[in-house]
Every structure is written in C-alpha cells, then in structure tokens.
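Using the sequences and the accompanying hints, generate a full structural model.
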Amino acid sequence: AQSVAQPEDQVNVAEGNPLTVKCTYSVSGNPYLFWYVQYPNRGLQFLLKYITGDNLVKGSYGFEAEFNKSQTSFHLKKPSALVSDSALYFCAVRDPGYQKVTFGTGTKLQVIP
Amino acid sequence: ETGVTQTPRHLVMGMTNKKSLKCEQHLGHNAMYWYKQSAKKPLELMFVYSLEERVENNSVPSRFSPECPNSSHLFLHLHTLQPEDSALYLCASSQAGEANNEQFFGPGTRLTVL
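Protein chains in written order, with the numbering used here: chain A, -19 to 93; chain B, 7 to 120.
Treat the hints loosely; a few may be bogus.
Said to hold, decoys possible - Below 20 angstroms or equal to it, Euclidean Cα-Cα: the simulated EDC-like pairs (lysine to aspartate or glutamate) are:
{"id": "1", "chain 1": "B", "residue 1": "Lys47", "chain 2": "A", "residue 2": "Asp(-11)"}
{"id": "2", "chain 1": "A", "residue 1": "Lys80", "chain 2": "B", "residue 2": "Glu59"}
{"id": "3", "chain 1": "A", "residue 1": "Lys88", "chain 2": "B", "residue 2": "Glu50"}
{"id": "4", "chain 1": "A", "residue 1": "Lys57", "chain 2": "A", "residue 2": "Glu46"}
{"id": "5", "chain 1": "B", "residue 1": "Lys47", "chain 2": "A", "residue 2": "Glu46"}
{"id": "6", "chain 1": "B", "residue 1": "Lys28", "chain 2": "B", "residue 2": "Glu58"}
{"id": "7", "chain 1": "A", "residue 1": "Lys88", "chain 2": "A", "residue 2": "Glu(-12)"}
{"id": "8", "chain 1": "A", "residue 1": "Lys80", "chain 2": "B", "residue 2": "Glu50"}
{"id": "9", "chain 1": "B", "residue 1": "Lys47", "chain 2": "B", "residue 2": "Glu58"}
{"id": "10", "chain 1": "A", "residue 1": "Lys80", "chain 2": "B", "residue 2": "Glu90"}
{"id": "11", "chain 1": "A", "residue 1": "Lys80", "chain 2": "B", "residue 2": "Glu104"}
{"id": "12", "chain 1": "B", "residue 1": "Lys46", "chain 2": "A", "residue 2": "Asp(-11)"}
{"id": "13", "chain 1": "A", "residue 1": "Lys80", "chain 2": "B", "residue 2": "Glu73"}
{"id": "14", "chain 1": "A", "residue 1": "Lys29", "chain 2": "B", "residue 2": "Glu104"}
{"id": "15", "chain 1": "A", "residue 1": "Lys80", "chain 2": "B", "residue 2": "Glu58"}
{"id": "16", "chain 1": "B", "residue 1": "Lys28", "chain 2": "B", "residue 2": "Glu62"}
{"id": "17", "chain 1": "B", "residue 1": "Lys42", "chain 2": "A", "residue 2": "Asp(-11)"}
{"id": "18", "chain 1": "B", "residue 1": "Lys46", "chain 2": "A", "residue 2": "Glu(-12)"}
{"id": "19", "chain 1": "B", "residue 1": "Lys46", "chain 2": "B", "residue 2": "Glu90"}
These are computed hints drawn from the structure, not numbers from a lab. Keep in mind that this is a model prediction, so the values were computed, not measured.
Shown next, in the form of structure tokens:
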C-alpha cells in the first residue's frame, strides 16, 4: 500500500520569508514523489517531481523539494515567499508497482503581505 | 485550445436528472483520469483509462459511468445522483507507460446536486 500525509491544513508565512510545506509518505518500494499547486477555481498544476538521483529537486516558480529517505519526507520549500504563492498545495506519491498516484489532503499556503 | 479542457465548468442538477461531463486533452497523452475533489478530503481517484481501456475503477457507485471513445476525450455520465456527490470533478491526462510521468489537470467541473 502507499500513502501520503500532509500534517498541516494551513501554513501562514510573511512575504519575503522562507516557506516550507511538509509531506511524508509510505511506500513499499522506491517512491516517485510529486508536488502540485491549485489556484482558486483551477485544476492542479504540476510543480516538481522526484524520481531518483539528487535529493534536492528544483521546480517551477522558484520552488524546490528535498527528498529524505530516512525520514520518508518530501518537503516543499521556497527561499522567499510571494503573495502570489498563496494557493493549495498537494503532495503525491506513486509506488512504481501501483497503477495509481495517491494524493495528500492538501495544505493551504497563505502568504501575508 | 491547449492542455486539458473540461465542460461545463459549473453544473447544477436535480437528483433525477441525467447529465454528462466532458474532458478533452490536447497534449497527445494516452491515459486519462477522473478525480473527485471534496473539501478537506484527499483527491479521490475514480477512473483511469489507459490506451482507451479502463484500468482502474475505484469502487465508484454505478450512478457514475465513464466513457472514453478515443485517447483525447473522456466523459463522465451522471444519473440519479445524491447531494453528497456535490464536488469538484477533475479530469487529468498523462503519458502511460512510465510511472514517473506527471499528470496534467483540467480546471474542473463544479457539480451541485440539489
């Protein structure tokens, strides 16, 4: 079985400060990990993914995520938050042996001007 | 049009109505998905079509009936729905064959069942 957890329903951060959105996962094999963002009244938009190799993955809009196998985590980060980053963020995992991707419950990021 | 489009964007229907949601992808992908998004719940995978064959059906009630006539189009036929079926229905597509391929989502159809 595979699962993913996003422990925070909401994260508030001041504009210009670094942000972190947390994600932990559980799979039986080596995971493929994804981050998506959803703006109001829009579908999910792909940000970045980890397949293998370098544990630090860089994605769109200045976001990056760090894969930590020992902690089974894949936290999303950005050095300096923008008000326009305010949105709903979803972590997702896929065990290569499974047909489907499992999404987390989402974390609402609020960047305060 | 580019990406993944969905129509209608909003739908209000009574419990006895029959309606259909439409999804079209312009990305040359060969796998398509229906998801249900409800507040404070994980995204629920409903159906997966790969190479126009249904490969995943997540115990969805029979009042939801998918149809995939070709690799670019996906429908979700709705009949005798319940108020708890009110949600945002998202369509997505990807390139089948590689487990690490990301999915591309449409904007969704906001469904309200009265």
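Cross-check of the supplied hints:
| no. | hint | verdict |
| --- | --- | --- |
| 1 | B:Lys47 x A:Asp(-11) | 11 angstroms, holds |
| 2 | A:Lys80 x B:Glu59 | 15 angstroms, holds |
| 3 | A:Lys88 x B:Glu50 | 18 angstroms, holds |
| 4 | A:Lys57 x A:Glu46 | 8 angstroms, holds |
| 5 | B:Lys47 x A:Glu46 | 25 angstroms, violated |
| 6 | B:Lys28 x B:Glu58 | 15 angstroms, holds |
| 7 | A:Lys88 x A:Glu(-12) | 8 angstroms, holds |
| 8 | A:Lys80 x B:Glu50 | 11 angstroms, holds |
| 9 | B:Lys47 x B:Glu58 | 28 angstroms, violated |
| 10 | A:Lys80 x B:Glu90 | 24 angstroms, violated |
| 11 | A:Lys80 x B:Glu104 | 12 angstroms, holds |
| 12 | B:Lys46 x A:Asp(-11) | 8 angstroms, holds |
| 13 | A:Lys80 x B:Glu73 | 19 angstroms, holds |
| 14 | A:Lys29 x B:Glu104 | 13 angstroms, holds |
| 15 | A:Lys80 x B:Glu58 | 16 angstroms, holds |
| 16 | B:Lys28 x B:Glu62 | 19 angstroms, holds |
| 17 | B:Lys42 x A:Asp(-11) | 19 angstroms, holds |
| 18 | B:Lys46 x A:Glu(-12) | 11 angstroms, holds |
| 19 | B:Lys46 x B:Glu90 | 14 angstroms, holds |
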